[in-house]
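*Asks:* Chain by chain, the residues:
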Amino acid sequence: MLFPLPSSATSPRVVITGAGVVTALGIGWKPNAEGFRAGRRAFRPVTLFDVSRQRTKIAAEVDLPTTLPPSGLNDRQIARLDRAGMMLLLAANEAWRQAGWESAENLPLVLGTTAGGMTLGEAYFRQALQTPLRQRRQPTRAVYYQAQVQARMALDALNFSGPITIISNACASGSNAIGHAWDLIRSGQVECAFAGGYDALSEMVFSGFDALQALSPTVCRPFDAKRDGLALGEGAAMITLETLDRARRRNAPILGELVAYSTSIDHHHLTQPHPQGDTTLNVMRQACTTAGVAPADVDYINAHGTGTVLNDSSEAIAIGRWAGSRATTLPVSSTKADIGHLLGATGAVEAVVCLMALREQWLPAQGAFESPDPACNFPIVNQPRDARINVALSNSFGFGGVNATLIFRRWT
Amino acid sequence: MSRIVVAGWGAVSPAGWNVAALREALDKGEPLPTQPVERPGWPKPLRARLVPNPAVRPEFLAHPRLRRTSPVTHYAAAVALEATAGLRASPEAIRRLGMIVCLQAGCVQYTCRFFDETLKNPATASPLLFPETVYAALGSHVAALLKNVTLVYSLVGDPASFLQGVALGAQWLEEKRADACLVIGAEEFNWILADALRLFDRPAILTCGAGALCLCREGEIAAGVELAAITDAHTYSECRDRAESARNMRRQLDGGASRELLCDGLGGSPRADEAERAAWNDWSGARVSPKRILGEGLMAAAAWQCVAACDAVANGRFAAVDVSLVGSNQQAIGARFVRTSPSISHLSAGGDAGNIRA
Numbered sequence: 002m003l004f005p006l007p008s009s010a011t012s013p014r015v016v017i018t019g020a021g022v023v024t025a026l027g028i029g030w031k032p033n034a035e036g037f038r039a040g041r042r043a044f045r046p047v048t049l050f051d052v053s054r055q056r057t058k059i060a061a062e063v064d065l066p067t068t069l070p071p072s073g074l075n076d077r078q079i080a081r082l083d084r085a086g087m088m089l090l091l092a093a094n095e096a097w098r099q100a101g102w103e104s105a106e107n108l109p110l111v112l113g114t115t116a117g118g119m120t121l122g123e124a125y126f127r128q129a130l131q132t133p134l135r136q137r138r139q140p141t142r143a144v145y146y147q148a149q150v151q152a153r154m155a156l157d158a159l160n161f162s163g164p165i166t167i168i169s170n171a172c173a174s175g176s177n178a179i180g181h182a183w184d185l186i187r188s189g190q191v192e193c194a195f196a197g198g199y200d201a202l203s204e205m206v207f208s209g210f211d212a213l214q215a216l217s218p219t220v221c222r223p224f225d226a227k228r229d230g231l232a233l234g235e236g237a238a239m240i241t242l243e244t245l246d247r248a249r250r251r252n253a254p255i256l257g258e259l260v261a262y263s264t265s266i267d268h269h270h271l272t273q274p275h276p277q278g279d280t281t282l283n284v285m286r287q288a289c290t291t292a293g294v295a296p297a298d299v300d301y302i303n304a305h306g307t308g309t310v311l312n313d314s315s316e317a318i319a320i321g322r323w324a325g326s327r328a329t330t331l332p333v334s335s336t337k338a339d340i341g342h343l344l345g346a347t348g349a350v351e352a353v354v355c356l357m358a359l360r361e362q363w364l365p366a367q368g369a370f371e372s373p374d375p376a377c378n379f380p381i382v383n384q385p386r387d388a389r390i391n392v393a394l395s396n397s398f399g400f401g402g403v404n405a406t407l408i409f410r411r412w413t
Numbered sequence: 018m019s020r021i022v023v024a025g026w027g028a029v030s031p032a033g034w035n036v037a038a039l040r041e042a043l044d045k046g047e048p049l050p051t052q053p054v055e056r057p058g059w060p061k062p063l064r065a066r067l068v069p070n071p072a073v074r075p076e077f078l079a080h081p082r083l084r085r086t087s088p089v090t091h092y093a094a095a096v097a098l099e100a101t102a103g104l105r106a107s108p109e110a111i112r113r114l115g116m117i118v119c120l121q122a123g124c125v126q127y128t129c130r131f132f133d134e135t136l137k138n139p140a141t142a143s144p145l146l147f148p149e150t151v152y153a154a155l156g157s158h159v160a161a162l163l164k165n166v167t168l169v170y171s172l173v174g175d176p177a178s179f180l181q182g183v184a185l186g187a188q189w190l191e192e193k194r195a196d197a198c199l200v201i202g203a204e205e206f207n208w209i210l211a212d213a214l215r216l217f218d219r220p221a222i223l224t225c226g227a228g229a230l231c232l233c234r235e236g237e238i239a240a241g242v243e244l245a246a247i248t249d250a251h252t253y254s255e256c257r258d259r260a261e262s263a264r265n266m267r268r269q270l271d272g273g274a275s276r277e278l279l280c281d282g283l284g285g286s287p288r289a290d291e292a293e294r295a296a297w298n299d300w301s302g303a304r305v306s307p308k309r310i311l312g313e314g315l316m317a318a319a320a321w322q323c324v325a326a327c328d329a330v331a332n333g334r335f336a337a338v339d340v341s342l343v344g345s346n347q348q349a350i351g352a353r354f355v356r357t358s359p360s361i362s363h364l365s366a367g368g369d370a371g372n373i374r375a
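Going down the list, the protein sequences come from chains U and X.
By this note's numbering, the letter at position 338 of the first sequence is numbered 339, and the numbering carries on one by one without gaps.
By this note's numbering, the letter at position 14 of the second sequence is numbered 31, and the numbering carries on one by one without gaps.
Derived by calculation from the structure, the hints in this document are not laboratory data.
Check each hint, because a few of them may be wrong.
[As the list claims (entries may be wrong)] Using 35 angstroms as the maximum straight-line C-alpha spacing, the simulated DSBU-like pairs for lysine-lysine come out as follows: (1) LYS58(U) to LYS137(X); (2) LYS45(X) to LYS61(X); (3) LYS45(X) to LYS227(U); (4) LYS137(X) to LYS61(X); (5) LYS58(U) to LYS31(U); (6) LYS31(U) to LYS227(U).
Predicted model, so just to flag it, every value in this text is computed and none were measured.
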């Protein structure tokens, strides 16, 4: 039953046993780890739709394979997948296989997305206006546009069942999805959960950020004094979360431990963060309290760091207020400089980046950075560097003001 | 485990801008009149049930955050204020309000407008519209209006997701992450939604509006309705169809008290109703079907079912009401609301169950 909830005397430790990731750097852990470690930038001219009349003409597009790995989907289902659905399935498949999970009942699937199958919605709209009496393919678009239907495809592909929760807290969605899965396990409702985020590039969303003049006409350089906007990307990431006891029972390899999640809302403005980063500061503090760590214990921050003037100054101030004297030696980077802003996928992908850093002991480098914004009193990681990392913190913020922080601990 | 009560509820529907109007429409039991709505490129209009203009312009529309918003935010703001009216009388008790906004289509009016502008010329597409197309915009605006909101999730899914939102609100209360939780289901009308609905459910009449429940832990505020149970989410898949999920939901909900009312999601469309009708075909208690009267309001309709259930418990005619939500493409979930005490909540109005078919 969803209610009443089972009572749980203790909150179990939650570990991650599988991770799958798709970005413009590649498909899978290995090419992404190599790319993030080197700070490789993955932008190119947009080919998916016409950008000739937009201010900005680049994004981090994913090269999708022509075939999907074997799964429980039939040919008809596969034919109906759009880019977003394909990226979701690729990431889900990798995480599932890595974790060694098998067919399961009552396994929660928690996804973050901002747009779901937006490209199908766009196609529906075009046809409905341009050839209003023609209905061919419209029923399929109307159904598969919806995120919950794409989520059902993941269930069918991997042969499991369970409740689907789609969180759409804008660009914090991926972090909220992972955090919600963590909550479900910690509250004793389930022993394991499958969570992540996904979003594909779409003309409408690209045009929206371009209309806001939020896209960089030059190079996306988070926390740089000369930064002039964000760059968009696309991708997906999924992780398998389970109790430490369950992972040990299965002798599953553990990629890392999720030790805290915190979220709150910034009331300041629909699209602008509080200039002093008050809400960001609060969620970072709350997460640290939950995790039982102090700023001195945190070895790396994967910042939200979009590259916009307002976001980065607000986040920089918040990090400085939170970290105090520790800030001057605390490595921070925004991997959005490498793969762009993945919107609903961003928190999930950046969670996997943190796991990579913890697992392989290097600092993710951001590929573009020259001189720091005066608000940054912390070092930006802009060169490949090995490092001892035991605790990594990831921030995500969204339109609407939802802030989320996840904290991961190395598993040794 | 804390007991969770429903401390208030609100509704905006084609019947009007409050729960009283919804109750009156359900009591009359007659489908509300439809209006013609232009569908670009078609010679004939679509039929829809639209929310009437409010008799008096709501004061909340003067809030700076709400000035540029589309109707779905107006509906959500109105139900939020109605559902939390009791809380505002004791602000010291409710310092941290959690909010869960459930949507299926979301801010579709501005989305269509913005994409239309993009197709015509992206260089002149309005930057004012785009942020309002985001699912999370609605919750953000309502949070700014209510001020004491500290936690917001926007959930997207089929209409049964509304009860996932209610369960999540109960979880936040149990974990003491909030002092009260507002769960809102809201939708707005656009011709493209009606166009899409026709492809699957030709007899359905699309409508719009919002509904909300305000949850609290028992004892923290006076309330006459208790959340007794929410079933599992019975998800559809290639190997588990809608009918089986609906049956499983019904089975989990069985075993309640006598003199129950079933508040179902039947709308009068043979195909769309088939799974739910079969699941409840042996139900012998009273029954009310808000969609038959109000129309297909997607997530708003799910919220109205729950609002109608709470209202029926609070008005004293039924000790328990079951809500059946058999969603369009995700899941079936049911819930039971029961009376908490012989006294009637100060938040509810009286009246009998009118059109309820005993």
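*Asks:* Are the hints correct? Go through all of them and say.
*Replies:* Taking the hints in turn, this is what the structure says about them:
At most 35 angstroms may separate the alpha-carbon atoms for a hinted pair to count; LYS58(U) and LYS137(X) meet this at roughly 18 angstroms. Note on LYS45(X) and LYS61(X): the hinted pairing holds, with a Cα-Cα distance of about 30 angstroms set against a maximum of 35 angstroms. For the hint pairing LYS45(X) with LYS227(U), the CA-to-CA distance comes to about 65 angstroms; that exceeds 35 angstroms, so the pair is violated. Simply put, LYS137(X) and LYS61(X) have alpha-carbon atoms about 25 angstroms apart, close enough for the 35 angstroms limit, and the pair holds.
Distance restraint check for LYS58(U) and LYS31(U): the Cα-Cα separation of roughly 28 angstroms lies within the 35 angstroms cut-off, and the hinted pair is therefore satisfied. For the given pair, LYS31(U) sits about 32 angstroms from LYS227(U) by alpha-carbon distance, which is consistent with the 35 angstroms threshold.
Consistency note: the structure conflicts with earlier hint 3 alone.
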